[in-house]
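S.K.: Residue strings, one per chain:
Number of protein chains: 2
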Amino acid sequence: MQAIRIGICGFGTVGGGTFNVLQRNSNEIARRTGCPIVVEQIAMRRTNPNCNIGNTMTTDDIFEVANNATIAVLVELIGGHQPAMDLIMTAIKNGKHVVTANKALIAEHGNEIFAAARANNVIVSYEAAVAGGIPIIKTLREGLSANNINWLAGIINGTSNFILTQMRDHTRAFADVLQEAQQLGYAEADPTFDVEGIDAAHKLTILASLAFGIPLQFSKCYTEGISQITAEDVTNAEKLGYRIKHLGLTRRTPDGIELRVHPTLIPEKCLIANVHGVMNAVLANGDAVGSTLYYGAGAGAEPTASAVVADLVDVVRDLALDSDSRVPSLAFQQGALSDSPVLPMSQITTAFYLRMMVRERPGVLAQVTRILGERGISIEAIQQQEHHCEPVPVIILTRPAKEQFMNEAIVAIEALADIAGEVTRIRVEELDS
Amino acid sequence: MQAIRIGICGFGTVGGGTFNVLQRNSNEIARRTGCPIVVEQIAMRRTNPNCNIGNTMTTDDIFEVANNATIAVLVELIGGHQPAMDLIMTAIKNGKHVVTANKALIAEHGNEIFAAARANNVIVSYEAAVAGGIPIIKTLREGLSANNINWLAGIINGTSNFILTQMRDHTRAFADVLQEAQQLGYAEADPTFDVEGIDAAHKLTILASLAFGIPLQFSKCYTEGISQITAEDVTNAEKLGYRIKHLGLTRRTPDGIELRVHPTLIPEKCLIANVHGVMNAVLANGDAVGSTLYYGAGAGAEPTASAVVADLVDVVRDLALDSDSRVPSLAFQQGALSDSPVLPMSQITTAFYLRMMVRERPGVLAQVTRILGERGISIEAIQQQEHHCEPVPVIILTRPAKEQFMNEAIVAIEALADIAGEVTRIRVEELDS
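So the protein sequences, as listed, match chains P and D. For the first sequence, my numbering begins at 1 and goes up steadily by one. For the second sequence, my numbering begins at 1001 and goes up steadily by one.
No lab work stands behind these hints, which were simulated from the structure alone. Treat the hints loosely; a few may be bogus.
To be verified - These stretches of chain D come out as covered by chain P in the derived footprint (C-beta under 8 Å, 3 or more residues):
id, stretch
1, 1027–1037
2, 1145–1151
3, 1265–1277
4, 1285–1297
5, 1353–1360
6, 1391–1397
As the list claims (entries may be wrong) - Cut-off 27 Å, straight-line C-alpha distance, at most; resulting in silico cross-link-like pairs (DSSO-like, lysine-lysine):
id, chain 1, residue 1, chain 2, residue 2
7, P, Lys93, P, Lys269
8, D, Lys1402, D, Lys1269
9, D, Lys1239, D, Lys1220
10, P, Lys239, D, Lys1269
11, P, Lys269, D, Lys1402
12, D, Lys1220, D, Lys1402
13, D, Lys1402, D, Lys1239
14, P, Lys402, P, Lys220
15, P, Lys239, D, Lys1220
16, P, Lys239, P, Lys93
17, D, Lys1220, P, Lys269
18, P, Lys220, P, Lys239
Beta carbons: idealized from backbone N, C-alpha and C, even for Gly.
Produce the complete structure using the sequences and hints provided.
M.R.: See below:
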């Protein structure tokens, strides 16, 4: 079979990593595909000091790659919305297959991109968009295809997981660890995307569509970051046998689909509670297979390149059959997508960890438990901690309750004269059902 | 697209599970494939009380299924060598695709089966042969296809892992836990296949071929069971910061391929050291992706059915393209298989845990360390344990050394007058490189 010619647009960390993996492992990859993958052209703003590109053709115009007739597959690694969207749509209209690592674009405009791909009989692959080198998209599209997926829970943002791990291991404050993460290059100068959960929400949106066969609907994802988590919360969770992780959670319920990113207490005995530092992991529960876990590096030049190149190998294997995509873009056939609604957060049921500052007066805990009880919220555990001066912190672990009732309860508790300031609320998941 | 008609041969645990998953999830599966999968015929010796097969056609002759012209895919779930081999070869010659869970047959006769499949342009899939519901075969054939795989380490036999977990958690003896495992149905009446590592060796043989592109060569796999592990060894390992796991390990070295199943000390901080009970996990290290882990149920009716049905979905998706297998059976193209030799155990380098009973005489430890030192074996740690009477146990943790030199050293140590009985030797892997 003839060589497959590809073009790479964007030659930063992931672009350079992709080029290097393709060069270094060219023999091993050709042993798998039966034909070589040749980088025909690279669109770059500046050279990448980690790559020796020899006399590979370069350009500073990404659209030159999309219009290069010798190129069969365009690899989009420039990121962001525009001009990435125009680039991908141009490539598709020109009959090129596309491999992308662009999670924001897929999560927010994937429905439109996949429709164009179907209309033009080309493949758009995006394994690198979620959890770096972990082949979680292939797993959901193909490996678990026998299952009704019940739920997924993922640590899918390395920056947040690094910060929470450091806060726990060294009893440090959020702001302090964030600064270190920025110095280490694990966090951006503006860390909002990572620590406020937007990046995780992009990835979770994609995973939910693959799991349940629903259109991508990023705007409906509930998103809450970790910037309000205190070292005290981390320690309290530990004493209760839990760890705080920034989880993306999506679950199918009779009423609709839960789609939410927020800090979560999970039992320390769970394997996923032991995923530390910048590592990622996704726990997937299917009705036949039960719980399965997928773990690996969620970012970095070569782990991400591993996913980009695996997509290229898939495209080449499909091209060898001279046909369009064997597996639908979102795992389910286009006509078979479901209109299950995404649930508003108020309709979701979880257990809760509550932390409140109480002025030590008789009766205040009775008032708090009455407020919870009136709304059908049962208490699993309550701890009043030793403290040198008023107000004293009180920790309550509840049984599962609907978010709506908890919202009402928190408003009522905060209105009590003997409660100082706001009530901290972190959701709790046992991850065993 | 028309329905795909399949035949199931063998209707025990996995056969029944496969039938039930296909029935229960028929809508979800058709949403993924675009066409229904219909069970046309079942070959069974007796009815399965867990299944309502309605008026599905049955037979007690498996070859009737292989010769049924309406059937496109034969699902072989009878296990064992014969008549499974004849059944699969008949189906292939009749132009049928085959899905099998038969690890022994693939590990020992897969080369022949895959050659017949290529000659007859049919697909033979076997995801269920390794680690039950974990899609590890798809991961190696497709998900990690960008990588030069460096090594794999797997807990791939649930019975052995259950026994070692119980020995550690409750400081119990091997024989005692084995008996309980037999009562719980986790171990067979004859447990040899599981506890002596033969089952794990079958699975590891398959994983190694997929990882490195070498022919299946089960006969060269080194196999050592867990029946000699004592509660004392488990406790000693714990004190040193390790856990004993029954690992299948395969590694590419400049000299050839390591292929070995044996009890292994691994650091307790490794995620895979925290895989407990009957659960399975495979750690895969690639040059681009680094270390990744895949965890889930390694056995049971529905987890195994999850893998069988995923293979069926793959076949259906390939058939929709009207072509033969898109991905080579052993991940690499047939002409690209490697003749890297499998290394004999004597040529393999690992660290070692040694336990020996020493009569408390001055100089004996000096003799032991001299014997090790003369063979270039360095000592990482040494512990002489308190004991009420002679001889006393001495534990030595060594740095990595070639097995051949360790074999010689152990012979020399056992010959010392002040050493009582045999030296216990368990290999140690750090799993971080």
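S.K.: Are there hints from earlier that the structure breaks, and if so, what are their numbers?
M.R.: 5, 6, 7, 9, 11, 15, 16, 17 and 18
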